[in-house]
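Line by line, the protein sequences give chains Y and H. Taking this note's numbering, I'd label the letters of the first sequence as residues 4 to 117. Taking this note's numbering, I'd label the letters of the second sequence as residues 64 to 173.
Calculated from the structure, these hints are not laboratory results. Backbone N, C-alpha and C define an ideal beta-carbon position, used for all residues, glycine too. Incorrect hints may have been included.
Said to hold, decoys possible - Footprint (simulated), chain H over chain Y, 3 or more residues, beta carbon under 8 Å:
(1) 34–47
(2) 104–112
Said to hold, decoys possible - Non-contacting residues of chain Y with respect to chain H, defined by C-beta distances greater than 12 Å in every case (computed):
(3) 19
(4) 30
(5) 31
(6) 53
(7) 65
(8) 68
(9) 76
(10) 79
(11) 86
(12) 88
(13) 89
(14) 90
(15) 96
(16) 116
What the hints assert, rightly or not - Over 10 Å on every C-beta distance to chain H, these chain Y residues come out as not near it, computed from the model:
(17) 10
(18) 21
(19) 23
(20) 51
(21) 63
(22) 64
(23) 66
(24) 67
(25) 69
(26) 71
(27) 75
(28) 77
(29) 82
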Amino acid sequence: EAGVVQSPRYKIIEKKQPVAFWCNPISGHNTLYWYRQNLGQGPELLIRYENEEAVDDSQLPKDRFSAERLKGVDSTLKIQPAELGDSAVYLCASMSGSRYNEQFFGPGTRLTVL
Amino acid sequence: SQQGEEDPQALSIQEGENATMNCSYKTSINNLQWYRQNSGRGLVHLILIRSNEREKHSGRLRVTLDTSKKSSSLLITASRAADTASYFCATDFTGNQFYFGTGTSLTVIP
Numbered sequence: 004e005a006g007v008v009q010s011p012r013y014k015i016i017e018k019k020q021p022v023a024f025w026c027n028p029i030s031g032h033n034t035l036y037w038y039r040q041n042l043g044q045g046p047e048l049l050i051r052y053e054n055e056e057a058v059d060d061s062q063l064p065k066d067r068f069s070a071e072r073l074k075g076v077d078s079t080l081k082i083q084p085a086e087l088g089d090s091a092v093y094l095c096a097s098m099s100g101s102r103y104n105e106q107f108f109g110p111g112t113r114l115t116v117l
Numbered sequence: 064s065q066q067g068e069e070d071p072q073a074l075s076i077q078e079g080e081n082a083t084m085n086c087s088y089k090t091s092i093n094n095l096q097w098y099r100q101n102s103g104r105g106l107v108h109l110i111l112i113r114s115n116e117r118e119k120h121s122g123r124l125r126v127t128l129d130t131s132k133k134s135s136s137l138l139i140t141a142s143r144a145a146d147t148a149s150y151f152c153a154t155d156f157t158g159n160q161f162y163f164g165t166g167t168s169l170t171v172i173p
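Just chain H, same shape as in the assembly (with noise of 0.2 Å):
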């Protein structure tokens, strides 16, 4: 599978508390994408970092890449309540087709 995989699959933080979650995938990639996904909702794009860059910030987010060891990872600091969500890795192998990830389920408890 060109899936990514996510991990942990689930995260349970208090408020204020730093989250970070992780993807491993197989092959080469373009670039690797973000995703939020509230419950019941669409996904929401969060940042791209491309297979040339090694960190990127957004915010509260930051994410790193490190390709020799085919694994990214997402922080979200200074959690919040609203943050509470399904987070996804989306990896592009060949140009604009995505192969998604399991997905971390981070629950923030305030």
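So that you can see chain Y by itself, here it is in the shape it has in the complex (with noise of 0.2 Å):
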């Protein structure tokens, strides 16, 4: 079974620049999570998607975060534009409907915003 798979896997660019990441997540798995991680920190949950609804946002900057999930399957998020403090990791996981369940995480798309 493949995992969570992100893109890309590095990506460095100027402030005020936009940028965009990518995340397929395992097969079947109707809950997919966003999550940034500053260095040294645990993650910050950033949006949490059952199927294609985004069911809480609560923790998104929405003035320069957007996030999508077409048809309940892949998802994009969004930085634009980007800050020198949004330099962080970006980690997507997902979760099987199934309550009391695991995260299963992707590797993450190191931010570096110059």
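Starting from the two chains in their separate frames, assemble the complex, guided by the hints.
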């Protein structure tokens, strides 16, 4: 079974530029998460999807961040425009619809904003 | 903040010794999970303990949960160099919504 796939693995951009991250979850997993992880910290939830519906995006900075999960499978997270403080690792995770289940994480995208 | 807090922040032990790390949280939970993260990699699920459970084992891992103290501990027995990683607890308060702690960085010296 393939794991969670994320691309790109690394991205370096200048501030004020746009950037997008892509995630392909494990087949059949209804729940998808985007997290941001700053250096030396734990992951912080940005948004959670149940199928194609965003059920919690309260931590997503909506002035510059957007996300979508078309057809309830792949998801894209976008930042426009990027700021220096957005440098972090962006992690995608998926989980089956059952309660009390584990999340499967992708390898993450390391974003550096110069 | 709903995040858990791990203690200690960093731990260094000799191979073969046991490693214990703790997680404290603030509100009632549905379940608590422990994850491992090797440097530059994604997180890997280790073990889940439900709010009505007090102890779980998985191989060399032992997790305890004390809901009255709002705390959990992860014990790794007979540590190996390959156990070197960061360990995070993740608490689920509302159902499928996870809040991660700040992590414990474990170094196992061969």
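Going through the hints against the structure:
1. 34–47: Satisfied; 8 residues make the cut.
2. 104–112: Our answer is that it holds, as 8 residues pass the Cβ test (under 8 Å) against chain H, meeting three.
3. 19: holds, 27 Å
4. 30: holds, 18 Å
5. 31: The claim holds: residue 31 of chain Y sits with its nearest Cβ about 16 Å from chain H, beyond 12 Å.
6. 53: violated, 8 Å
7. 65: Answer for residue 65 of chain Y: holds, closest chain H Cβ roughly 18 Å.
8. 68: holds, 18 Å
9. 76: holds, 18 Å
10. 79: Per Cβ check, residue 79 of chain Y is outside 12 Å of chain H; nearest 18 Å; holds.
11. 86: Given that every Cβ of chain H is farther than 12 Å from that of residue 86 of chain Y, nearest at about 22 Å, it holds.
12. 88: holds, 18 Å
13. 89: The assertion about residue 89 of chain Y holds, with a minimum of 19 Å to chain H.
14. 90: holds, 15 Å
15. 96: Violated: least Cβ distance 8 Å, not greater than 12 Å.
16. 116: Holds, since 19 Å exceeds 12 Å.
17. 10: holds, 13 Å
18. 21: holds, 24 Å
19. 23: Check passes; 19 Å lies beyond 10 Å.
20. 51: The claim is violated: residue 51 of chain Y sits with its nearest Cβ about 6 Å from chain H, within 10 Å.
21. 63: Residue 63 of chain Y clear of chain H: closest Cβ-Cβ about 14 Å, beyond 10 Å.
22. 64: Nearest chain H Cβ is 17 Å from residue 64 of chain Y, so the label holds.
23. 66: Given a closest Cβ separation of 22 Å, the condition holds.
24. 67: At roughly 22 Å from the nearest Cβ of chain H, residue 67 of chain Y sits farther out than 10 Å, so the non-interface label holds.
25. 69: At about 20 Å from chain H, residue 69 of chain Y clears the 10 Å cut-off, so the statement holds.
26. 71: holds, 20 Å
27. 75: For residue 75 of chain Y, whose nearest Cβ neighbour in chain H is about 15 Å away, the distance exceeds 10 Å, so it holds.
28. 77: Residue 77 of chain Y is indeed farther than 10 Å from all Cβ atoms of chain H, at 17 Å.
29. 82: holds, 20 Å
The structure shown violates the earlier hints numbered 6, 15 and 20.
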